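If you read the protein sequences in the order shown, they are chains A and B. Following UniProt numbering, the numbering of the first sequence begins with 1 at its first residue and continues without gaps. Following UniProt numbering, the numbering of the second sequence begins with 1 at its first residue and continues without gaps.
Quick caveat, the hints were computed from the structure, so don't treat them as lab data. Among the hints, erroneous ones may be present.
[Claimed, not checked] Quick partial rundown of chain A residues pointing at chain B, CB under 8 Å, derived from the structure:
{"hint": "1", "residue": "117"}
{"hint": "2", "residue": "119"}
{"hint": "3", "residue": "148"}
{"hint": "4", "residue": "165"}
{"hint": "5", "residue": "167"}
{"hint": "6", "residue": "169"}
{"hint": "7", "residue": "176"}
{"hint": "8", "residue": "206"}
{"hint": "9", "residue": "209"}
{"hint": "10", "residue": "210"}
{"hint": "11", "residue": "215"}
{"hint": "12", "residue": "246"}
{"hint": "13", "residue": "248"}
[Claimed, not checked] Among the chain A residues that face chain B by a calculated CB cut under 8 Å, a handful are:
{"hint": "14", "residue": "115"}
{"hint": "15", "residue": "118"}
{"hint": "16", "residue": "120"}
{"hint": "17", "residue": "163"}
{"hint": "18", "residue": "170"}
{"hint": "19", "residue": "177"}
{"hint": "20", "residue": "212"}
{"hint": "21", "residue": "214"}
{"hint": "22", "residue": "216"}
{"hint": "23", "residue": "218"}
{"hint": "24", "residue": "219"}
{"hint": "25", "residue": "222"}
{"hint": "26", "residue": "225"}
{"hint": "27", "residue": "242"}
{"hint": "28", "residue": "249"}
The structure displayed is predicted, hence computed values, not measured ones. For every residue, glycine included, the Cβ atom is placed at its ideal position computed from N, Cα and C.
There are 2 protein chains.
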Amino acid sequence: MRETVLVGVDWGTTNLRAYAFGADGSVRTKTHRPTGITRMSGPYGDLLEELCRELGAGADTPALLCGMVGSRQGWIEARYITTPCTLDGLVEGLVSAPHAPRHVLVVPGLDSQSGSAPDVMRGEETQLLGLMESIGAGERLVCMPGTHCKWVQLAGGRILDFRSYMTGEAFAALKDHTILGRQMSEGAAHDAAAFARGVAMAQEARGRGPGALLNLLFGVRTLGLFDRLGPEAAPSLMSGLMIGAEIADALGPQPPAEPVVIVGSAGLGARYRYAAEALGVPTVVADEDIATRGLWAIARAAGLASG
Amino acid sequence: MRETVLVGVDWGTTNLRAYAFGADGSVRTKTHRPTGITRMSGPYGDLLEELCRELGAGADTPALLCGMVGSRQGWIEARYITTPCTLDGLVEGLVSAPHAPRHVLVVPGLDSQSGSAPDVMRGEETQLLGLMESIGAGERLVCMPGTHCKWVQLAGGRILDFRSYMTGEAFAALKDHTILGRQMSEGAAHDAAAFARGVAMAQEARGRGPGALLNLLFGVRTLGLFDRLGPEAAPSLMSGLMIGAEIADALGPQPPAEPVVIVGSAGLGARYRYAAEALGVPTVVADEDIATRGLWAIARAAGLASG
Chain A
1 MRETVLVGVD
11 WGTTNLRAYA
21 FGADGSVRTK
31 THRPTGITRM
41 SGPYGDLLEE
51 LCRELGAGAD
61 TPALLCGMVG
71 SRQGWIEARY
81 ITTPCTLDGL
91 VEGLVSAPHA
101 PRHVLVVPGL
111 DSQSGSAPDV
121 MRGEETQLLG
131 LMESIGAGER
141 LVCMPGTHCK
151 WVQLAGGRIL
161 DFRSYMTGEA
171 FAALKDHTIL
181 GRQMSEGAAH
191 DAAAFARGVA
201 MAQEARGRGP
211 GALLNLLFGV
221 RTLGLFDRLG
231 PEAAPSLMSG
241 LMIGAEIADA
251 LGPQPPAEPV
261 VIVGSAGLGA
271 RYRYAAEALG
281 VPTVVADEDI
291 ATRGLWAIAR
301 AAGLASG
Chain B
1 MRETVLVGVD
11 WGTTNLRAYA
21 FGADGSVRTK
31 THRPTGITRM
41 SGPYGDLLEE
51 LCRELGAGAD
61 TPALLCGMVG
71 SRQGWIEARY
81 ITTPCTLDGL
91 VEGLVSAPHA
101 PRHVLVVPGL
111 DSQSGSAPDV
121 MRGEETQLLG
131 LMESIGAGER
141 LVCMPGTHCK
151 WVQLAGGRIL
161 DFRSYMTGEA
171 FAALKDHTIL
181 GRQMSEGAAH
191 DAAAFARGVA
201 MAQEARGRGP
211 GALLNLLFGV
221 RTLGLFDRLG
231 PEAAPSLMSG
241 LMIGAEIADA
251 LGPQPPAEPV
261 VIVGSAGLGA
271 RYRYAAEALG
281 VPTVVADEDI
291 ATRGLWAIAR
301 AAGLASG
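Just chain A, same shape as in the assembly:
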């Protein structure tokens, strides 16, 4: 009989996904809950036991958790490990959850101290380790779209450095709370031509500084004022402008030698993929299971699942 040797949980801000791993590292069964750390009403240990029961894990099966569950606001704080960082460095930073009815380890986040301000990630480091299982020591630039998109440099089996862009959250705030949104249709469908036009506007302004974005955004309003942009197309143009500007900055002056790896293929990932290719940079999409492969890689390196 194939036994569950590890329960892995990707426990984020608003949701969680839990997996039961077999001894060969494959996912035997999985479940999810809308109870991210900001939506918890009871003890973490109780919910984890509920997940383990549902996944059919025995009382001795260890659990490995990643994501915001390890933040100051989560179950137990697992401090950030500073980049560059290897799998072993991450394993050293694992912390045990207190008062847990089974052995529970929590994955630390990563920080970068290379810029004028620090940068942080939590959860993505586990995906990156999963990704490195397939690319090995190769050099790659990885784009992880989301509310706060991460751009990560991998090389030599290490997470070298990374940067966050709050493009998704800024887009929503500007759309819903400035004059720009007033001339946009609610719930307009994605308009590929308007998105491409926004990317082109960003490309044209590539030689300008960070402040140019505040000028370019005003153009979303004025194009509408001169009837050169309809209310249905305006959100897509603005999205193309912001994502295009982000990608141009993240790529830097020298395009990467290998295709950019996009983590997440649907929706937002597809927009990033389109914009990167419009800027002349080839992309590939990461496999969907890199989070679980990362959890397994960490668990094995930590001796948590002998497999």
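Given chain A's structure and the hints, the job is docking chain B onto it.
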């Protein structure tokens, strides 16, 4: 007896200011109302008559209005005049208000078509004409802080070109509706050191593209996360970052030969002045009465007030 020969009104989105001019162009008396075009409850003509009565203007005294009152949402649309533009060009664009109990002319706005999207101003063109009364044909870069800050090039008695930056409005939206605001104290006083630090961060990123702003803004959060920025100082740092980035882009690679003219000395104007000088560019502050001088210059050129 000195008679009122012109009533001038700077009629904006949320407020209006009205002036009675004597034959020598001096302002004899003035008044204001919190009834910008978005707060009107009755006909424009009725409110104008009320203002004229209060200012002691006779029934034959003409009125000249500038600002959003000339927009599509105002009393009557006075179309945009495309830059470069002279005083005469602006006068040619004046339109008569309909059904007015006296002779009422409305000043057109300006548009620029030099960028990837059009740009517009309405109201500032009148201030600029007032400013040109004192600088003549000189070459100047003018900074007009506000919700949508305008940067304007003047030369040879013409308004050559301009750009808007939605820095003020974007700041408010990002502060009130993203994760950045969650670690900021409500109503914190201006922190000069934090503001300067933000300007320096923008300066450091000068060689990066427009998208860098979305990365730099995330630093406001992470500095707080690492206890390197207090909640009282965070809004000022973000303000310095955004205003600094705007100014660096507006100045371009070549600093202007003459000091930048800042329109508006209090509050926001002082921040722009500080940031520009921190970036190595000297500034001067425009006289406070340039709006009234602009109204008078336009009225005279239009033969509205023979003076």
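To see whether the hints hold, each was checked on the structure:
| no. | hint | verdict |
| --- | --- | --- |
| 1 | 117 | holds (3 Å) |
| 2 | 119 | holds (6 Å) |
| 3 | 148 | holds (6 Å) |
| 4 | 165 | holds (4 Å) |
| 5 | 167 | holds (5 Å) |
| 6 | 169 | holds (5 Å) |
| 7 | 176 | holds (7 Å) |
| 8 | 206 | holds (5 Å) |
| 9 | 209 | holds (5 Å) |
| 10 | 210 | holds (4 Å) |
| 11 | 215 | holds (5 Å) |
| 12 | 246 | holds (4 Å) |
| 13 | 248 | holds (5 Å) |
| 14 | 115 | holds (7 Å) |
| 15 | 118 | holds (4 Å) |
| 16 | 120 | holds (6 Å) |
| 17 | 163 | holds (5 Å) |
| 18 | 170 | holds (6 Å) |
| 19 | 177 | holds (4 Å) |
| 20 | 212 | holds (4 Å) |
| 21 | 214 | holds (4 Å) |
| 22 | 216 | holds (6 Å) |
| 23 | 218 | holds (5 Å) |
| 24 | 219 | holds (3 Å) |
| 25 | 222 | holds (5 Å) |
| 26 | 225 | holds (6 Å) |
| 27 | 242 | holds (7 Å) |
| 28 | 249 | holds (4 Å) |
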